[in-house]
Every structure is written in structure tokens, then in C-alpha cells.
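Asker: These are the residues of each chain, in order.
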Amino acid sequence: MSPLILKLILQSTEQTLEMVLASTAISVLLGLPLALFMIATGPRGLYRLPFAARLIGMIVDAVRAVPFIILLVLLIPVTRFVAGTSLGTEAAIVPLSIAGIPYFARIAEMALREVDSGLIDAVRAMGGTRLTIIRSVLIAEAMPSLVTGVTVTLISMVGASAMAGVIGAGGLGDLAIRYGYQRFNTTVMFGVVVVLIIMVSVMQILGNALARWLKH
Amino acid sequence: MRPILDIQHVTHAFGHHTALHDISFSIKQGEVVGLIGRSGAGKSTLLRCLCALERPQQGHILLDGVDLTTQTERQLVRARRKIGLVFQHFNLLTSRTVAGNIALPLQIAGRPRKDHAKRIAELLALVGLEGFEDKYPSQLSGGQKQRVGIARALAAEPTLLLCDEATSALDPESTNSILALLADINRTLGLTIILITHEMEVVRRFAQRILVLDHGRLVEDGSLLDILRDGQENQTLHKLLADIRPSLPAFIAENLSPSPLTEPHKTIIRLVLSGDSATTPLFSMLYAHYAVKATLLQGGVTTISQRLSGDIILSLEGEHIEQALAFLKTATQSMEVLGYVPSHP
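Residue numbers (the UniProt record's numbering), protein chains in the order written: chain D, 1 to 216; chain Y, 1 to 345.
So here's chain D without its partners, still in its complex pose:
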């Protein structure tokens, strides 16, 4: 493997990690409140607002229905507005996050729904406020599942970021297509695949370990 190829792979790895970590962080930060909103306003929730719950659910599903490659192009004006440019690694974080927020929101919603309703009743009966219930029961009890959800989201973002080459964001996927596929450079293709496998495996192992540790 020539030093040039090595440098390319290294640089692309860096770009992929930047996109994946930043977009996952944003997805969790905004997706979790969205999930809490859906749970709390839904039937049997703490603040019942069935109409709001359905509306948010529909928006979440609508975004998730659009294939990421289409979303990437569709969101170019939004990306330009938020990031100031529609091209490059930083710009790709915008569409990746917009795809990731509803994705993580649904996973988190499932995790929160799994929390035993007996625990919510118990803390309500103790005279706990709704904020206490959300913090000490819902989020705390769902934590191992939420961590698993973050792992799944991270890995999905690795996959999605491969398409970000379309808007010039670089990354491993883009490298594999331009060098490996279009220029028949098997070495690059192979190198990229190995790096991706290692990256995903490390994420999965760390995520599992953290979830297991949190489960007691």
C-alpha cells in the first residue's frame, strides 16, 4: 500500500468519524426530547395531548420514509442556510442529523415505552412530580436500552455518511466509490472495507459493554 493511499484512507477515516460523531450527538440531543414528548403526550402519558403526539409521530415517519440519498439533495437549501455552505464534511452533518433525529427518536421511544408502568405509578404514588418521573424513572430506567440505541444510531450514521460524497463531504464511502469502484483500485476498496469493519465493531463492542455495565 503506497503512502499516498494510506494518507487518503486516514484522511477519509477522520472525515467519516467527524460526520458520524457530530450527527449522532445532535441526533441524541434532539431525538431524546422528541421521544419523551411523544411518550408524555401519547395515550397513558403524563401530559396527554393526543393531537400533538400524532402530529409529531407523522413528521418523524415522513422524514424516515425519505431515502437518505434523496434527503441529502432535498435538504441542500436547508444545509446552505444552517452551515453557510452546501458542500463539505461540516455541511454533511446537517442532513445526517436531520435523518438521525427521527431515527433515534423512534428507538428512544421504544426504549422508554419498555419502562415498567408500575415504576411510574410507584413514583407518582410517592408524590413525585412529573419532572422527577421523567428524570428518575423514564430516562434512568431506560438508560441501558438508550445506550444500545445510540450504538445502533452511530452504526447507521456510518452507513449513511458513505453517501455524503454526493455533496463533496469526503469520507470512507466516497473514497471507496471514487478510487475503489470508479478507478478499479482494489487495494483502496479493500482498505476502506477493513477500516469500516473495525470502526463498526469497536462501536458495537464499546456500546454493548457500556449497556451491560449500566444494567447492573
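Worth flagging that the hints you see were computed from the coordinates, not collected in a lab.
One should not assume that every hint holds.
What the hints assert, rightly or not - Within a straight-line C-alpha distance of at most 20 Å, the following computed DMTMM-like cross-link-like pairs (lysine to aspartate or glutamate) qualify: (1) Y:239 with Y:221; (2) Y:82 with D:121; (3) Y:114 with Y:157; (4) D:215 with Y:133.
Position chain Y relative to chain D; hints supplied.
Answerer: Then chain Y, alone, in the frame of chain D:
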């Protein structure tokens, strides 16, 4: 003395189904009350009303003089802190240690954080789990989890402890130790306890007073002896009592006929004894006065709410059976003729 809990004409329905129908009773400070009923009798609905999770459609619930039915949601949050709740499935937070679980009601009640450790140690000593502070619920047995549940319920010094099927998920040994613990708490802290259960066996142990709920109505309010007496006529009570009463041995039950036989026969009776009658030498009296021989078929004398009581099935045979039965009717709490079997089957 003002009752600690006063339920006045509580009625609650879900759609067309009336879950509670005009329930009234009151409970005094320090009482241990068993609330018993089969599933669907309305126990859970009453419980949810008592701990202010559900607002009854009619009637009033006064806890320590405060009417829970007229309070706003914000006021109810405060009122709920006066009720300790122990659950069938423990409902401990798996993400928190034993100490963390017991600390939750303290945090909710706004106790200063520096006092938590001392209070938690006190409570763990009370429930017999010293040194368990840092264990997680998943590391505990069912009985231990329920002890933590009780410690948590007591943490914020409630005026009333509600136990919802607190022993139904436990093995007999743990059930015994949890009931003993609750009796101990009642004695030492003078805490009022309501045990909600479908098992007569549980309330028999130490409830001084038993409320029986059936199809949303309160059908009995009295001691176990009252229930044993009334159980002859009342089918609901009869069924509930079946769990704890001695039953006829199979070989007798098969041959039992409801009316006296023409051939020589034995009369099978059930007696309920209490206090003095439980220690009277009934057998020798029957033989001496009426020449009636009595054989014990099933049952014995036990302690029911700290009084000696007996619930036994006898077979009687002899000359003056009628007089003997008349004597037993006056000498015991209750006498019931179950039937007749041939002397030599």
C-alpha cells in the same frame, strides 16, 4: 378520636362497569385492616382511589382530615407523600441501589441530602437488611426486595401504609417473614396498615379487622370470627374462607348425604370455637352428658388475631344426638351440620 382514614360513600365506574358501589368505612390510628376480595372485586380501584392515583366519581376520602377528592392535582402530589405503598411486584428502580431506592421518597419530600444516609441506615436496620446499601435490586431475593420496598414506603414517615398484594409474589417462607415484619412495624411504630389481598391466609395472620369486597360492594366489616360465623349464609364469604378452612376428607365427602339416613349413621358437623370454647373439654362433655362419641376428622385450634380459635370438622355418633347438637350450638361460636354418612360403609 378522629379516624386516620374515612371513606364516605365512594362510588366509581369505568364506562358502564361500576367498580365501586357506595363504599363507606373508617380506620383508626394503629389499626391493621385486611381488605380482601377475589380478583375483579374492586380492590385495585379502591387502592388507586386511596392513594389518590384515581379520583372517585362520587363520595369522599378523608386522609387525616384532608379530603383527597376535592384537592387539585398539585395538592394531591403533597397528599400522596403521606401514604406509603408496598407493591406486589416491588416496583424498585433497577437503575438505583438499595440506598438510592430508599432515598427517592426522601428526595421527593425535600429532606436535606446530608440526612439521607442516616435515615437509610435506620430503615435498613428496621427491615433487617443492614449493610445492603450498595446492592442493586437484581442481586436480591424476592423477600429481600420486598423488605427494601417496605423500607422505601416508610422512608418519608407516612401516616398510612398500604400493602397491595405485598406477599402474593413470594414463597411461603418469605411471606411469613414479611408478615412478621409488618406486624412488628405496626407494634413498634404504631403505624396504621391496610393489607389488600385475595388470600384469606394473609389477613388471618394478623389483621384485627377484615373488610370484604365483592362486586364493588363492601359485604363484611368485622373480625375473622364474624366472617367465620357469617360465612354459613354468605356465598362470597364461604368461597373466600375455603382457602383457610379445613375441608372434608375425600372418603367422607363422597358418601355424604344431606338428610339423615334410615340405617345407623354418623352426623358430620363443623364447629367454630373461640376463646373459652376453644379450651372447653367438649369431647368428654359430649360423652358424659349425651353418650355421644365424637371423632375429629379435620382441623384444629390455632391463633387468630392473637386469640385462640378453632375450626374443626367432627363426626358424631350416639344416642342423644339432637340434644348434643343443641348443646354445641350454645357452647360454640358456630355449629353447622354438613351431612350424614353411614356408620359402616
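Asker: Now tell me, hint by hint, if it's right for this structure.
Answerer: Hint check results:
no.: 1; hint: Y:239 with Y:221; in the structure: 16 Å, holds
no.: 2; hint: Y:82 with D:121; in the structure: 16 Å, holds
no.: 3; hint: Y:114 with Y:157; in the structure: 17 Å, holds
no.: 4; hint: D:215 with Y:133; in the structure: 18 Å, holds
In this structure, none of the earlier numbered hints is contradicted; all agree with it.
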